[in-house]
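Protein chains: 2
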Amino acid sequence: MKNHTNRVPGRPKHDKECEPIHDLIIRTASKLFMEKGYEQVSLQQIANACNVSKPSIYYHFTSKPELFKASVTTMLNNVYEKIKYLLREAESIESGLVRVAEARLANPHAELQTIINEAEGNLNEEQIQEIREAELQIYRLLADYFEGAMDKQFFRKNDPMLLAQLFSSMLLIGNRKETMSQYESSYDVGKKLVDIFLHGTTER
Amino acid sequence: MKNHTNRVPGRPKHDKECEPIHDLIIRTASKLFMEKGYEQVSLQQIANACNVSKPSIYYHFTSKPELFKASVTTMLNNVYEKIKYLLREAESIESGLVRVAEARLANPHAELQTIINEAEGNLNEEQIQEIREAELQIYRLLADYFEGAMDKQFFRKNDPMLLAQLFSSMLLIGNRKETMSQYESSYDVGKKLVDIFLHGTTER
Numbered sequence: 001m002k003n004h005t006n007r008v009p010g011r012p013k014h015d016k017e018c019e020p021i022h023d024l025i026i027r028t029a030s031k032l033f034m035e036k037g038y039e040q041v042s043l044q045q046i047a048n049a050c051n052v053s054k055p056s057i058y059y060h061f062t063s064k065p066e067l068f069k070a071s072v073t074t075m076l077n078n079v080y081e082k083i084k085y086l087l088r089e090a091e092s093i094e095s096g097l098v099r100v101a102e103a104r105l106a107n108p109h110a111e112l113q114t115i116i117n118e119a120e121g122n123l124n125e126e127q128i129q130e131i132r133e134a135e136l137q138i139y140r141l142l143a144d145y146f147e148g149a150m151d152k153q154f155f156r157k158n159d160p161m162l163l164a165q166l167f168s169s170m171l172l173i174g175n176r177k178e179t180m181s182q183y184e185s186s187y188d189v190g191k192k193l194v195d196i197f198l199h200g201t202t203e204r
Numbered sequence: 001m002k003n004h005t006n007r008v009p010g011r012p013k014h015d016k017e018c019e020p021i022h023d024l025i026i027r028t029a030s031k032l033f034m035e036k037g038y039e040q041v042s043l044q045q046i047a048n049a050c051n052v053s054k055p056s057i058y059y060h061f062t063s064k065p066e067l068f069k070a071s072v073t074t075m076l077n078n079v080y081e082k083i084k085y086l087l088r089e090a091e092s093i094e095s096g097l098v099r100v101a102e103a104r105l106a107n108p109h110a111e112l113q114t115i116i117n118e119a120e121g122n123l124n125e126e127q128i129q130e131i132r133e134a135e136l137q138i139y140r141l142l143a144d145y146f147e148g149a150m151d152k153q154f155f156r157k158n159d160p161m162l163l164a165q166l167f168s169s170m171l172l173i174g175n176r177k178e179t180m181s182q183y184e185s186s187y188d189v190g191k192k193l194v195d196i197f198l199h200g201t202t203e204r
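Residue numbers (UniProt numbering), protein chains in the order written: chain U, 1 to 204; chain R, 1 to 204.
Please keep in mind that the hints were generated in silico from the structure rather than gathered at the bench.
Quick caveat, the model's predicted, so the values are computed rather than measured.
Check the hints yourself; a few may be wrong.
Copies of the same chain look alike in the list, so a pair counts if it works inside one copy or between any two.
What the hints assert, rightly or not - When the alpha-carbon atoms are kept at most 27 angstroms apart in a straight line, the in silico BS3-like pairs for lysine-lysine are as follows:
id, residue 1, residue 2
1, Lys177, Lys36
2, Lys191, Lys157
3, Lys157, Lys84
4, Lys84, Lys191
5, Lys177, Lys157
6, Lys152, Lys192
7, Lys54, Lys82
8, Lys82, Lys36
9, Lys31, Lys152
Using the sequences and the accompanying hints, generate a full structural model.
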């Protein structure tokens with residue numbers, strides 16, 4: 001171990017100039033779990049990628065399932081805040097949805113449902129519930145937005161929650177590198193996707 | 001080992017009244033891989049689920065990556081044939097798409113992209129290409145169908161391949177058990193989904 005200093009045993013050193021270790025672990029773990037799935041990622045790999053020791057991880061998170069839960073819910077909360085911001089700042093419903101689509105297509109990650117299904121056997125009921133709740137708040141945010149669009153008679157009447165989930169599902173094409181590479185930018189794909197979501201595929 | 005008989009060594013016994021062992025292994029392996037991902041499933045588990053020995057699996061498939069490739073491409077070929085049949089038998093473009101959606105929503109499986117990403121490190125270039133080709137033929141089938149709808153001026157002009165991938169992505173909501181449980185049947189969800197795909201979410 002390098003850089004031995006006088007610190008409380010078990011307490012990992014904390015570099016004040018850098019990102020707090022807790023946040024660094026969360027950010028790194030989210031990335032690895034979403035890329036490779038639950039089983040494929042070990043705490044040792046996360047420790048290596050963070051340049052910390054495995055005990056440092058255990059200092060912050062009691063177990064791998066607990067770190068997984070913390071990583072996934074933190075990521076979902078960030079997505080929630082980002083979408084809320086983008087929709088609030090947009091000049092129209094259409095441009096808000098294009099901004100959300102663009103952001104999501106530019107940052108593709110594995111379908112969460114598949115990753116959670118894989119991890120589920122290792123998580124307890126409370127951990128599963130916390131992840132579901134963090135995911136649900138994103139759908140509720142979109143559903144509320146769509147409900148507003150129905151109130152304004154821009155959208156026709158529909159189940160807003162179903163629309164939220166369909167819109168999110170459509171964004172999964174961001175995972176298809178070959179498709180994305182055929183377009184100039186995530187913005188272009190986002191615009192086409194939102195056009196189809198709003199106006200459908202048929203002639204009017 | 002039970003039921004010793006005089007058979008060629010290494011050649012697993014073949015029950016003529018039942019499904020050929022090769023097909024049984026493929027069917028079981030597809031199911032397990034799509035449920036749990038590549039890493040989580042061992043050849044021993046597949047052997048147990050088929051009630052055969054692990055050497056029987058090696059008799060038919062040279063390795064786990066090879067069995068994975070065979071399982072996934074067989075599954076994709078079956079999906080292809082099913083969709084082709086459903087679209088050909090349908091009375092209208094709309095009813096064809098509803099039938100395809102219904103069938104897919106009733107048989108949800110993990111997003112293939114996520115499973116393949118996870119397995120990719122274990123597959124060689126040829127195996128990856130074979131899977132991609134089997135997947136691509138499904139998109140091409142849908143894209144051709146959509147192109148036909150454009151020729152008939154039922155659909156407005158759009159990139160048919162993008163439509164094929166967006167339609168397939170929308171079908172991933174079948175993985176959301178809570179959503180599906182709120183509807184009477186897969187047919188109901190399929191009908192709503194196709195309505196949005198064809199006519200969009202906005203008032204006309």
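We went through each hint and held it up to the structure:
For the homomeric pair Lys177 and Lys36, the shortest alpha-carbon distances inside one copy (16 angstroms) and between copies (23 angstroms) are both at most 27 angstroms. Taking the closest pair of Cα atoms, Lys191 and Lys157 come within 27 angstroms of each other both inside a single copy (23 angstroms) and across two copies (15 angstroms). Proximity of Lys157 to Lys84 under the C-alpha cut-off of 27 angstroms is restricted to the intra-copy arrangement: shortest distance 23 angstroms within a copy versus 33 angstroms between copies. For a Cα distance limit of 27 angstroms, the shortest separation of Lys84 from Lys191 inside one copy, 19 angstroms, qualifies, whereas the shortest one across copies, 30 angstroms, does not.
When the C-alpha separation of Lys177 and Lys157 is checked against a cutoff of 27 angstroms, the pair qualifies only between copies, where the shortest distance is 23 angstroms, while the shortest distance within a copy is 34 angstroms. In the homo-oligomer, the alpha carbons of Lys152 and Lys192 lie at most 27 angstroms apart both inside one protomer (23 angstroms) and across protomers (21 angstroms), since each shortest distance falls under that limit. Taking the shortest alpha-carbon separations for Lys54 and Lys82, neither the intra-copy value of 31 angstroms nor the inter-copy value of 49 angstroms comes in at or below 27 angstroms. Taking the shortest alpha-carbon separations for Lys82 and Lys36, only the intra-copy value of 24 angstroms comes in at or below 27 angstroms, while the best inter-copy value is 31 angstroms.
Taking the shortest Cα distances, Lys31 and Lys152 never come within 27 angstroms of each other, neither inside one copy (39 angstroms) nor across copies (45 angstroms).
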